[in-house]
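Novice: Protein chains in written order, with the working numbering: chain F, 47 to 543; chain E, 84 to 586; chain B, 35 to 132.
It is possible that some hints are incorrect.
Cβ-to-Cβ under 10 Å is the rule here; a few derived chain E residues that face chain B [what the hints assert, rightly or not]:
#, residue
1, 129
2, 154
3, 182
4, 381
5, 392
Keep in mind the hints are simulated off the structure, nothing from the lab. The structure displayed is predicted, hence computed values, not measured ones. Virtual Cβ for every residue (Gly too), placed ideally from N, Cα, C.
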Amino acid sequence: MADLTRLTAAQTAAAIASGETSAVDVAQAHLDRIAAIDEKVHAFLHVDTEGALAAARAVDAKRAKGEELGPLAGVPLALKDIFTTEGVPTTVGSKILDGWIPPYDATLTRRLKEADVVILGKTNMDEFAMGSSTENSAFGPTGNPWDLTRIPGGSGGGSSAALASFQAPLAIGTDTGGSIRQPAAVTGTVGVKPTYGAVSRYGMVAFSSSLDQGGPCARTVLDAALLHEAIAGHDPLDSTSIDAPVPAVVEAARNGDVRGLRVGVVKEFGGEGYQDGVMTRFHESVELLRELGAEIVEVSCPSFTYALAAYYLIAPSECSSNLARFDAMRYGLRVGDDGTRSAEEVTALTREAGFGAEVKRRIMLGTYALSSGYYDAYYGSAQKVRTLITRDFERAFGDVDVLVSPTTPTTAFPIGERADDPMAMYLADLCTIPSNLAGNAAMSLPCGLAPEDGLPVGLQIIAPALADDRLYRVGAAVESAFTARWGHPLLEEAPTL
Amino acid sequence: MTVTDDLVSYEDALASYDPVMGLEVHVELGTRTKMFCGCSTELGAEPNSQVCPTCLGLPGSLPVVNAVGVESAIKIGLALNCEIAQWCRFARKNYFYPDMPKNFQTSQYDEPIAFNGYLDVALEDGEVFRVEIERAHMEEDTGKSTHIGGATGRIHGASHSLLDYNRAGIPLIEIVTKPIEGAGERAPEVARAYVAELRELIRALGVSEARMEMGQMRCDVNLSLRPHGTEKFGTRSETKNVNSLRSVERAARFEIQRHAAVLSTGGTIVQETRHFHEDTGSTTSGRIKEEAEDYRYFPEPDLVPVAPAREWVEELRATLPELPRLRRARLREEWGISDHEMQSVLNAGAIDLIVATVDAGAPADQARKWWMGELARRSNEDGVELSALPITPAQVARVCALVAEGKLNDKLARQVIEGVLAGEGDPDQVVEKRGLAVVSDSGALGAAVDEAIAGNPGIADKIRDGKVAAAGALVGAVMKATRGQADAARVRELILEKLGVQG
Amino acid sequence: MPGITREEVAHLGRLSRLELKDEELDHFAGQLDEIIGAVARVSEVAGEDVPPTSHPLPLTNVMRPDVVRPSLTPQQALSGAPAQEQQRFKVPQILGED
Ligand SMILES: [Mg+2]
Ligand SMILES: [Zn+2]
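Throw the hints in and build the complete structure from the sequences for me.
Specialist: See the structure below:
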């Protein structure tokens, strides 16, 4: 059998189901790959060798007994370290949770286990998912497999890097302002932010509750769809969970077709700050869509220019409250408890020592925005902008079926370049944030390499809330046309590590 | 902590100032589970055994609203004559405290579920005072801390604290009055009557037992004074977590005297929280905060808005019980007792028990006699609530029936009740086991009567001569001989019969 | 809009329970000032008539029945505790009041 780590998830599941290979062999091949290269990439914070092999053995035992296997049975997956895993460390990339072993599984974790997915371990991320480069991890940065001196995106850089370096065929990310899509774009992989409420947030450590959404990361559109179906669906433990059937995303991914579709190009995404090569590949993608039979329409969403500002008020406000629980009383780090200090002092010392600079910055920003006297001007106004952005989307979707844009203004930047320049860093999420504010669905998939630096560029597709299947129908069509044009999947051009 | 505050006499305080009160009552609902998670609310569980990721505030956990919590809030709102919100949200109240796992309380802020109501309360002399209700909103309780190492078990001087989160997340309804003006010298009495009436109402609604001694209902007393004839409110003090009716009254009274002392010497009242001390009847200052509280309220993003359907609200309105004040008036009438007697029944917590006993067939005066007499005595002796005694209204009604049928007299009935309380079974079983039935059989009583006549020839002669009243002495002798078990009326009949006298 | 001063950062640090170091006060003051300057424009666009959006999807009345679900065991609940005593979370002395 060929290199098991090069298979797609769909191929892997088929090979295991047919007995061509075993789940244990697949798991072992990936564990070996991790052992061989992750020192360089640093995609994982924790590798659960025992747990992965035990899960794989269980799949093989099921098959031996003739039980029917699910569509992802035995497929390895890299889980972002923001989902709780019973008995397996969960750090959220923060020192404040270093060593914490949750006593419960997130709903998403439980669903993956029920689908017989083999969880290899937990992936690196910006601390508490705050960042666009994974440099904010308390445990050191992750390298982009295309160029290890560059960022793999963030906050889910560990997940995207694991995919792009063939350490796992599937990964899970979370997207608050672009943390699934931007890493996918800069690593040449596929990432989907489902409609808000599609994937349960129970057990996903909260950054900004009204924006956070878990979703699938993969190397192909079909693989992402298979994972999407496994993790989505109503959860009574999450009040914001959608109580409706999951759109038929797998079927859509198997039937890529854009003929007769109206595709909107958002006028506001482009121009100053956008890298030439990114725009070149984006225009090619639009041209491709036209060739494939889509009708291209320019649309204007004027409020989008305020999205970044609104986001950097709403997300910090919610995070300042969500992260208050990390107080050294019940779990996690405790610093300075020498018998003389009060609980208040110990809490303040622990939070000072346990949180990194970006987390502190956002906590203070949010505390400021919610303060009496400032609430209306900042948090209140930001929530109004959110209404305007939602209206812009509604107007646009009244006219078109999906919107497209570049996923990010630039390709992967060098590690360290924007580390202490928060405003520059925030620009990475310019195109992704509106969908978080409005709660609709969006995907990023590879659309080529930027001519000037040879790094991957992502195409973003945006669909209305609850119409996640449209992403996959369009994404599959674009993917198959590009793959045919390139003669191979884009990732084959990545350096071998 | 020593009390250094000077006081002026209550009369002097009222001579110069007019008190304005605000009362904030927190009621723990009697739901089976917590407000935002499925953990049990059962009392008496071992520490930290009724906690889950949500009420422990573990990373990743999320809240889901308890439907019965919302229903109870609406019922309370309706009973307080409030409007029920068409649409409202939960909000986060952000502040750090170790007994609060998330370091924010999930509460409601500017969109309470119920608002703009009133409650009419009856004062001791029957006067009815209307207390306007600002709002009633839903929130959650905190965990419980035990302070170790301090001399008094208080927070000051403790070396560390231990936290049990079983109570964290239990549903609370906070009921806030509008400023209570115009009560004058009766302000402390109004405060007490309001909390008492509210407690009865909550119980009548069946949403909580509202037992103040168990912390299921707690009252914050906000009080300020203003000189007579002025409109503007003075600076208020907030006396927190007062947990008995008597203390509510005393705290208000104390604060009136303390404020007056400060104001009359040209001082200013500090806006602060204060603690009430049962032992001294006084309040002391809480910690003065360096910076004003800023709770940074914002809509809870993890919970969706609550928009109670009007049909639901109307359904709940239809289930509302008779208001306690009106019900008391009706029962007082039906039972034919005085205001004062009714007050005793209310204070003893006996109203529902008496009603249930009457419903089970007992005459009201009998039911009241047993609950307010023998049983009230026992509940005092044992230090348990009347309703917690191991006897049911049906059993008390059965005792009344046995007395009415002549099968028991009062003395025997007391023994039967004692037997029921001792766990010996139903009244009939106790009668049977203890052999307590009244003896009225002439055969069995004949010998004792004969003996009594023989032993008291002088009295017997008097009776024969027509002094029927003297029969009492012989009845007494027979009762003594039969250890009280004889049917006294039947004994009298037999004596007269045997002595050939008409009764 | 007021500029963010060192003192203001110190105040925010106290409100959010961060024992900020001296050099952080200056550093964060500059950065927060820049960020707030950039995001303040949100107040320019939306008028009085625009309602704020707190939740991305218009769901209402999500409630659960009042039915007991299994809790964690006390051992699980306390498994992450930095310190414990008598099956309770042991915390340093608490200042202030209930
Ligand atoms: Mg409250
Ligand atoms: Zn719970």
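Novice: Mind checking the CB of residue 129(E) against every CB in chain B and telling me if the closest is under 10 Å?
Specialist: 7 Å, holds
Novice: Taking the closest Cβ pair, is residue 154(E) under 10 Å from chain B?
Specialist: Holds, about 9 Å.
Novice: Mind checking the CB of residue 182(E) against every CB in chain B and telling me if the closest is under 10 Å?
Specialist: 8 Å, holds
Novice: Taking the closest Cβ pair, is residue 392(E) under 10 Å from chain B?
Specialist: 8 Å, holds
Novice: Given residue 381(E) was flagged as interface, is its beta-carbon under 10 Å from a beta-carbon of chain B?
Specialist: 8 Å, holds
In this structure, every one of the numbered hints holds.
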